[in-house]
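Please model the complete structure; the sequences and the hints are all you need to start from.
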Amino acid sequence: MLWDALTLQLGYNATLVAIGATLLGVSAGVTGTFLFLRKRALVSDAISHATLPGVCIAFMVLVALGGDGRNLPGLLVGSAISAWVGLLCMNWLTRRTRLAEDAAIGAVLSVFFGFGIVLLTVIQTMGVGRQAGLEGFLLGSTAGMLWADAVIIALGGALTLALVLIIRRPMTLVAFDPEYAAARGLPVHRIDLAMMGLVMAVTVVGLKIVGLILIVALLIIPAVTARFWSDRSERVVLLAGLAGGLAGYIGAAISASAPNLPTGPIIVLVSFAFFLASLFFAPMRGVLAAVLRHLRFQRRVHIRQGLLALAQGQKIYEPLTLRLLRRAGLVRADGVATDTGKARAAKALRDEKRWEIVRADQAHEATAALYDGLRDIETVLTRDQIDEIDRQIGGPQGIPA
Amino acid sequence: MLGLISNEGVTVQEHNLDDSPLAVRGLTVSYGQKPAVFSVDMTVTPGAMTAIIGPNGAGKSTLLKAALGIVTPLSGQVTVFGQPLNSQRARVAYVPQRASVDWDFPTRVIDVVLMGLSRELGLLGRLRARHKARAMDCLNRVGMRDFADRQIGQLSGGQQQRVFLARALAQDADLYLLDEPFAGVDAATEKAIIAVLKSLKEAGKTVVVVHHDLATVTDYFDHVFLINTRKVAEGPVAEAFTAETLQSAYGGRLATAQIDQISRALG
Numbered sequence: 005m006l007w008d009a010l011t012l013q014l015g016y017n018a019t020l021v022a023i024g025a026t027l028l029g030v031s032a033g034v035t036g037t038f039l040f041l042r043k044r045a046l047v048s049d050a051i052s053h054a055t056l057p058g059v060c061i062a063f064m065v066l067v068a069l070g071g072d073g074r075n076l077p078g079l080l081v082g083s084a085i086s087a088w089v090g091l092l093c094m095n096w097l098t099r100r101t102r103l104a105e106d107a108a109i110g111a112v113l114s115v116f117f118g119f120g121i122v123l124l125t126v127i128q129t130m131g132v133g134r135q136a137g138l139e140g141f142l143l144g145s146t147a148g149m150l151w152a153d154a155v156i157i158a159l160g161g162a163l164t165l166a167l168v169l170i171i172r173r174p175m176t177l178v179a180f181d182p183e184y185a186a187a188r189g190l191p192v193h194r195i196d197l198a199m200m201g202l203v204m205a206v207t208v209v210g211l212k213i214v215g216l217i218l219i220v221a222l223l224i225i226p227a228v229t230a231r232f233w234s235d236r237s238e239r240v241v242l243l244a245g246l247a248g249g250l251a252g253y254i255g256a257a258i259s260a261s262a263p264n265l266p267t268g269p270i271i272v273l274v275s276f277a278f279f280l281a282s283l284f285f286a287p288m289r290g291v292l293a294a295v296l297r298h299l300r301f302q303r304r305v306h307i308r309q310g311l312l313a314l315a316q317g318q319k320i321y322e323p324l325t326l327r328l329l330r331r332a333g334l335v336r337a338d339g340v341a342t343d344t345g346k347a348r349a350a351k352a353l354r355d356e357k358r359w360e361i362v363r364a365d366q367a368h369e370a371t372a373a374l375y376d377g378l379r380d381i382e383t384v385l386t387r388d389q390i391d392e393i394d395r396q397i398g399g400p401q402g403i404p405a
Numbered sequence: 003m004l005g006l007i008s009n010e011g012v013t014v015q016e017h018n019l020d021d022s023p024l025a026v027r028g029l030t031v032s033y034g035q036k037p038a039v040f041s042v043d044m045t046v047t048p049g050a051m052t053a054i055i056g057p058n059g060a061g062k063s064t065l066l067k068a069a070l071g072i073v074t075p076l077s078g079q080v081t082v083f084g085q086p087l088n089s090q091r092a093r094v095a096y097v098p099q100r101a102s103v104d105w106d107f108p109t110r111v112i113d114v115v116l117m118g119l120s121r122e123l124g125l126l127g128r129l130r131a132r133h134k135a136r137a138m139d140c141l142n143r144v145g146m147r148d149f150a151d152r153q154i155g156q157l158s159g160g161q162q163q164r165v166f167l168a169r170a171l172a173q174d175a176d177l178y179l180l181d182e183p184f185a186g187v188d189a190a191t192e193k194a195i196i197a198v199l200k201s202l203k204e205a206g207k208t209v210v211v212v213h214h215d216l217a218t219v220t221d222y223f224d225h226v227f228l229i230n231t232r233k234v235a236e237g238p239v240a241e242a243f244t245a246e247t248l249q250s251a252y253g254g255r256l257a258t259a260q261i262d263q264i265s266r267a268l269g
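So the sequence lines, in the order shown, correspond to chains A and B.
Under my numbering, read the first sequence as residues 5 to 405, first letter to last.
Under my numbering, read the second sequence as residues 3 to 269, first letter to last.
Keep in mind the hints are simulated off the structure, nothing from the lab.
Backbone N, C-alpha and C fix where the C-beta goes; we use that ideal spot for every residue, glycine too.
Some hints here could point you the wrong way.
Below, a sample of chain A positions facing chain B; criterion: calculated Cβ distance under 7 angstroms [what the hints assert, rightly or not]:
no. : residue
1   : I170
2   : G189
3   : D394
Printed below as a string of structure tokens:
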């Protein structure tokens with residue numbers, strides 16, 4: 005069943021939802037990354053909650069004008085307007101009052117959402133309101149998705165991505181160093197607004213699929229996931245798009261594979277699974293890698309300290325050091341150094357002296373920066389350079405490196 | 003010409019304003035109700051190295067930021083090479099304080115330097131080999147060529163500062179404004195930075211540095227600008243950097259012993 009869903013063989017609606025969710029995932033992942041890099045991730049939460057009053061007011065207006073209250077483009081325009089108002093309120097509170105950004109986010113989020121819920125209740129008491137299904141915008145509802153809805157999502161997503169592509173450089177510069185960006189004459193404030201406008205666009209486009217409460221997850225989780233895998237912002241952006249798109253696709257497929265599985269929440273859970281896997285297993289920044297690195301580092305420190313102690317004829321008290329040295333065949337069971345151990349110890353002591361010279365010499369700065377008290381010097385210097393250093397040290401030459 | 007009259011009512015015109023790479027008139031900047039910089043005039047001498055000096059909280063950095071339009075002044079005018087700042091942005095390079103950014107940002111050393119070329123690259127311009135070559139050349143000038151591919155968080159404080167300087171060099175500007183480039187850096191970095199700044203001066207560029215180390219002022223700079231919210235003194239080091247002006251800028255904050263030491267050093 006899941007296989008059928010993943011290969012888009014579960015029928016028309018499921019296919020539409022899967023395509024829409026994938027596009028939404030890509031654009032949310034890419035756009036959200038800039039918000040994340042600017043350290044404003046939570047702004048998206050306020051923006052999304054601020055869409056609700058707009059959805060409700062648009063519904064009322066449409067009904068009052070005698071139209072169909074469920075007209076998606078109409079509702080999305082309404083949500084965009086109220087999200088924009090919310091954004092401006094937040095911006096004003098942060099810039100013109102003493103409120104910090106977190107407080108402004110809290111204020112806008114709760115007030116707009118509260119107002120939206122009141123309007124929603126009012127609508128449900130209206131004659132036409134009962135079948136309106138506006139609650140679907142809270143958590144997304146994909147059951148009755150139409151071809152036209154999918155087209156709107158696809159167009160909105162594509163447009164957002166194109167705009168991100170155009171202003172990606174200024175957005176990155178402002179995220180990294182806003183003062184420098186301002187000094188170069190970039191309109192920092194307007195770039196920030198544009199970035200949040202893009203986030204708003206993604207939010208509005210995503211209302212139908214994941215809903216306003218969960219869209220924040222699609223904006224932030226892929227960015228955080230991608231950050232584990234790369235130290236380069238442009239790659240983080242691409243990886244976040246990939247993670248978001250995959251989560252959208254797989255999530256939609258899973259929810260289509262069984263009855264009564266809500267699409268939006270499942271997409272968020274899939275996205276979270278990617279995050280969890282990255283958190284633990286990412287090669288450089290992952291938790292597991294960090295633990296392994298720490299253990300390996302600890303072992304190297306102990307062996308190095310042990311070797312230096314041996315070279316200087318000091319007694320080793322630390323049991324872990326002794327155990328590691330013994331296991332490496334550097335000392336015998338009674339704690340006396342083996343021949344290999346003696347040679348390694350002499351080399352370690354020599355390396356310390358060589359490093360001392362390297363670190364004192366400005367010409368070796370890039371090498372000196374690699375000093376951690378553990379590294380074998382021949383891994384960073386050529387044989388000739390080491391010979392040169394040995395001449396500076398004096399004493400017996402020809403100790404192997 | 004009200005702007006040319008100092009607070010004491012003495013005319014202090016030193017240069018034709020049109021020549022000055024950076025001229026500030028009647029600049030007041032305030033955070034809340036307390037002015038950080040009050041009615042300051044500054045005329046930077048072309049082709050010289052100028053130090054902006056003053057106690058903590060005297061408005062040194064604020065003066066620089068207001069001159070660059072990073073903070074909005076309450077009043078006052080800024081001209082760059084005799085023109086409004088916005089028309090001259092390409093000729094001005096800024097090196098912010100190192101602590102002003104998050105060094106865990108996902109970017110490499112070379113990418114930071116390439117930010118200095120953002121004007122040339124535009125929004126969609128392709129990054130070409132010549133851009134990279136120029137960035138590498140700038141890294142070379144600050145002795146950081148070997149670090150090009152490292153993530154910026156792996157650098158020491160001094161190295162980070164040099165990367166910032168390389169980014170400014172990439173702009174190939176005529177006026178360089180640096181905010182505390184020597185704060186908390188190692189001696190090697192300080193030497194490298196001052197060598198680069200002196201080479202800029204030799205190439206006819208103008209350098210303005212917010213500086214905190216009074217002991218090195220006479221070695222490094224030609225001109226000083228002393229500030230403590232208001233302007234205290236401005237001019238060539240020999241004239242404006244004296245025991246009296248220091249006393250006046252720092253008040254009780256500078257020990258008499260320090261002032262004696264500096265005035266002895268000045269002869």
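Results of checking the hints against the structure:
1. At a threshold of 7 angstroms, the smallest CB-CB gap from I170(A) to chain B is about 6 angstroms, leaving the interface hint in force.
2. For the restraint placing G189(A) at the interface with chain B, the shortest Cβ-Cβ distance is roughly 4 angstroms, inside the 7 angstroms limit, so the hint holds.
3. For D394(A), the suggested interface contact is broken, since its CB lies about 23 angstroms from the closest CB of chain B, more than 7 angstroms.
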